[in-house]
Amino acid sequence: MPPKSAKSKEAPAERPILGRFSSHLKIGIVGLPNVGKSTLFNTLTKLAIPAENFPFCTIEPNEARVNIPDERFEWLCQLYKPKSEVSAFLEIHDIAGLVRGAHQGQGLGNSFLSHIRAVDGIFHVLRAFEDPDIIHVDDTVDPVRDLEIITEELRLKDVEFMERKVEDIEKSMKRSNDKQLKIELECCQRVKALLEEGKDVRLGDWKAADIEILNSFQLLTAKPVIYLVNMTEKDYQRKKNKFLPKIHAWVQEHGGEQIIPFSCAFERNLSDLPADEAAKYCEENKIQSALPKIIKTGFSAINLIYFFTAGPDE
Numbered sequence: 001m002p003p004k005s006a007k008s009k010e011a012p013a014e015r016p017i018l019g020r021f022s023s024h025l026k027i028g029i030v031g032l033p034n035v036g037k038s039t040l041f042n043t044l045t046k047l048a049i050p051a052e053n054f055p056f057c058t059i060e061p062n063e064a065r066v067n068i069p070d071e072r073f074e075w076l077c078q079l080y081k082p083k084s085e086v087s088a089f090l091e092i093h094d095i096a097g098l099v100r101g102a103h104q105g106q107g108l109g110n111s112f113l114s115h116i117r118a119v120d121g122i123f124h125v126l127r128a129f130e131d132p133d134i135i136h137v138d139d140t141v142d143p144v145r146d147l148e149i150i151t152e153e154l155r156l157k158d159v160e161f162m163e164r165k166v167e168d169i170e171k172s173m174k175r176s177n178d179k180q181l182k183i184e185l186e187c188c189q190r191v192k193a194l195l196e197e198g199k200d201v202r203l204g205d206w207k208a209a210d211i212e213i214l215n216s217f218q219l220l221t222a223k224p225v226i227y228l229v230n231m232t233e234k235d236y237q238r239k240k241n242k243f244l245p246k247i248h249a250w251v252q253e254h255g256g257e258q259i260i261p262f263s264c265a266f267e268r269n270l271s272d273l274p275a276d277e278a279a280k281y282c283e284e285n286k287i288q289s290a291l292p293k294i295i296k297t298g299f300s301a302i303n304l305i306y307f308f309t310a311g312p313d314e
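Residue 134 in UniProt numbering is what sits at position 134 of the sequence shown, and the numbering runs on without skipping anything.
Hint data in this document are derived by calculation from the structure and do not stem from the laboratory.
Virtual Cβ for every residue (Gly too), placed ideally from N, Cα, C.
You may find that some hints are simply not true.
[Claimed, not checked] Okay, derived cross-link-like pairs now, DMTMM-like style, lysine to aspartate or glutamate, Cα gap no bigger than 25 Å in a straight line:
hint	residue 1	residue 2
1	K207	E257
2	K199	D142
3	K26	D70
4	K182	E167
5	K207	E186
6	K81	D276
7	K234	E212
8	K293	E283
9	K240	E130
10	K293	D235
11	K240	D205
12	K174	E212
13	K199	D178
14	K234	D276
15	K242	E163
16	K239	E85
17	K296	E233
18	K296	E257
19	K182	D205
20	K171	E148
21	K207	E233
22	K182	E197
23	K192	E148
24	K293	E85
25	K296	D272
26	K199	E186
27	K296	D276
28	K26	D210
29	K199	D276
30	K165	E186
31	K26	E257
32	K46	E277
[Said to hold, decoys possible] Computed spacing ranges between beta-carbons, pair by pair:
hint	residue 1	residue 2	range
33	K286	E186	52 to 62 Å
34	A310	I135	33 to 43 Å
35	D139	K234	33 to 43 Å
36	A88	T140	38 to 48 Å
Generate coordinates for the entire structure from the input sequences, incorporating the hints supplied.
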């Protein structure tokens with residue numbers, strides 16, 4: 001029998017769909033410098049881009065496609081033995097680390113924020129491990145502080161964008177009596193007010209007409225976010241980390257998106273092993289890779305779906 005897909009116990013409440021409607025969507029890996037973004041990207045994609053111990057090792061975003069792991073696909077391939085096998089994939093971009101003041105251009109911030117605007121969802125990587133050999137841009141490890149820095153920079157960039165948008169619409173209204181301009185202005189003013197309250201656009205209560213307008217802006221805080229908490233292999237194996245409760249509390253107060261604990265160190269070491277040795281190591285240590293969950297969650301977060309076709313080749 002083909003493997004069955006796992007059923008979720010409780011489906012989360014659906015929110016309005018913000019963002020582009022396309023079959024070619026992508027997700028970006030975002031976070032402060034030196035939190036494990038490029039190492040995660042390398043492990044996910046089996047590439048070997050630089051992942052050095054200094055800020056801004058990545059400048060231009062690295063891009064790659066990652067196949068969606070699914071036992072049903074493998075089962076169908078074994079059954080039908082097609083001439084070609086084409087798996088569903090997730091396109092992932094490794095985006096350079098942001099720093100405080102990025103919305104004002106600090107640390108090439110304007111360029112890096114534009115790279116985030118180009119993706120459709122965010123893997124927000126948090127550092128939840130201490131290591132004196134890996135520098136932190138703020139000297140100490142504090143994931144909640146890091147969360148606030150990144151979310152604030154994205155929000156302030158959206159405020160800046162909406163201020164310009166409101167000004168442009170007001171100028172256009174002086175030259176035209178188009179009723180649509182008034183509708184757009186009212187929507188933009190509500191968005192700007194929400195952002196100035198310290199809230200992200202994706203958490204707003206929007207009507208269908210609002211969403212149509214918002215989707216043309218590609219606002220940074222409108223994108224779905226998955227929080228990836230990078231910890232030591234020891235913490236990941238024992239499922240305990242001193243930073244995790246505070247991270248969880250913060251996320252619950254700011255939208256309640258999904259949190260996935262993982263360990264870059266473990267995933268990197270596991271990927272270096274042959275498949276049989278990796279399976280044996282996981283079994284002996286009662287530990288599993290988080291990469292399949294990360295990939296599938298990212299694929300679902302940007303509202304992509306896939307289906308199977310099987311049979312004689314055309």
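So, going through the hints one by one against the coordinates:
Restraint check: the Cα-Cα separation between K207 and E257 comes to about 21 Å, which is no more than 25 Å; the hinted pair holds. Distance check on the hinted pair: K199 and D142 sit about 22 Å apart at the alpha-carbon level, within 25 Å; holds. For the hint pairing K26 with D70, the CA-to-CA distance comes to about 19 Å; that is within 25 Å, so the pair holds. For the given pair, K182 sits about 13 Å from E167 by alpha-carbon distance, which is consistent with the 25 Å threshold.
Proposed proximity of K207 and E186 is supported: the alpha carbons are some 13 Å apart, at most 25 Å. Between K81 and D276 the CA atoms are separated by roughly 23 Å; this keeps the pair inside 25 Å, and the hint holds. Restraint check for K234 and E212: not satisfied, since their Cα atoms lie roughly 46 Å apart, outside the 25 Å limit. Distance restraint check for K293 and E283: the Cα-Cα separation of roughly 18 Å lies within the 25 Å cut-off, and the hinted pair is therefore satisfied.
Proximity of K240 to E130 is assessed by CA-CA distance (about 14 Å); at most 25 Å being required, the pair is judged to hold. Distance hint between K293 and D235 is fulfilled; the C-alpha atoms sit about 18 Å from each other, no more than 25 Å. With a C-alpha separation of about 35 Å, the suggested pair K240 and D205 falls outside the 25 Å cut-off, and the hint is violated. Straight-line distance between C-alpha atoms of K174 and E212 comes to about 24 Å, which keeps the hinted pair within the 25 Å bound.
Between K199 and D178 the alpha-carbon distance is near 30 Å, which puts this suggested pair outside the 25 Å criterion. About 22 Å separates the Cα atoms of K234 and D276, which keeps this hinted pair within 25 Å; it holds. Annotation: proposed proximity of K242 to E163 is violated, straight-line Cα distance about 40 Å (limit 25 Å). A distance of roughly 36 Å separates the Cα atoms of K239 and E85; the hinted pair therefore is violated under the 25 Å criterion.
Distance restraint check for K296 and E233: the Cα-Cα separation of roughly 22 Å lies within the 25 Å cut-off, and the hinted pair is therefore satisfied. Using a Cα cut-off of 25 Å, the hinted pair K296 and E257 holds, with the two alpha carbons roughly 15 Å apart. Proximity of K182 to D205 is assessed by CA-CA distance (about 20 Å); at most 25 Å being required, the pair is judged to hold. A C-alpha spacing of about 34 Å is found between K171 and E148, which places the hinted pair above 25 Å, so the restraint is violated.
Of the pairs offered as hints, the one joining K207 and E233 is violated, with about 44 Å between alpha carbons and a cut-off of 25 Å exceeded. The straight-line distance between the Cα atoms of K182 and E197 is roughly 23 Å, inside the 25 Å bound, and the hint therefore holds. For the proposed pair K192 and E148, the alpha carbon gap of about 19 Å is at most 25 Å, so the pair holds. For the hint linking K293 to E85, the alpha-carbon distance of about 22 Å falls within 25 Å, and the restraint holds.
Distance hint between K296 and D272 is fulfilled; the C-alpha atoms sit about 22 Å from each other, no more than 25 Å. At most 25 Å may separate the alpha-carbon atoms for a hinted pair to count; K199 and E186 meet this at roughly 18 Å. Simply put, K296 and D276 have alpha-carbon atoms about 23 Å apart, close enough for the 25 Å limit, and the pair holds. Simply put, K26 and D210 have alpha-carbon atoms about 23 Å apart, close enough for the 25 Å limit, and the pair holds.
For the hint pairing K199 with D276, the CA-to-CA distance comes to about 47 Å; that exceeds 25 Å, so the pair is violated. The suggested pairing of K165 with E186 holds, with an alpha-carbon distance near 11 Å, which does not exceed 25 Å. Taking the CA atoms of K26 and E257, the gap is about 18 Å. The hint holds against a cut of 25 Å. Of the supplied pair hints, the one linking K46 and E277 holds, its CA atoms being roughly 17 Å apart against a limit of 25 Å.
Range check, K286 to E186: Cβ separation about 56 Å, and the 52 to 62 Å hint holds. In this structure the hint that A310 and I135 lie 33 to 43 Å apart at CB is violated, the actual value being about 50 Å. At roughly 23 Å, the beta carbons of D139 and K234 sit outside the given window of 33 to 43 Å. For A88 paired with T140, a C-beta distance near 41 Å keeps the hint of 38 to 48 Å intact.
Comparing the model with each earlier hint shows violations of hints 7, 11, 13, 15, 16, 20, 21, 29, 34, 35; every other hint is respected.
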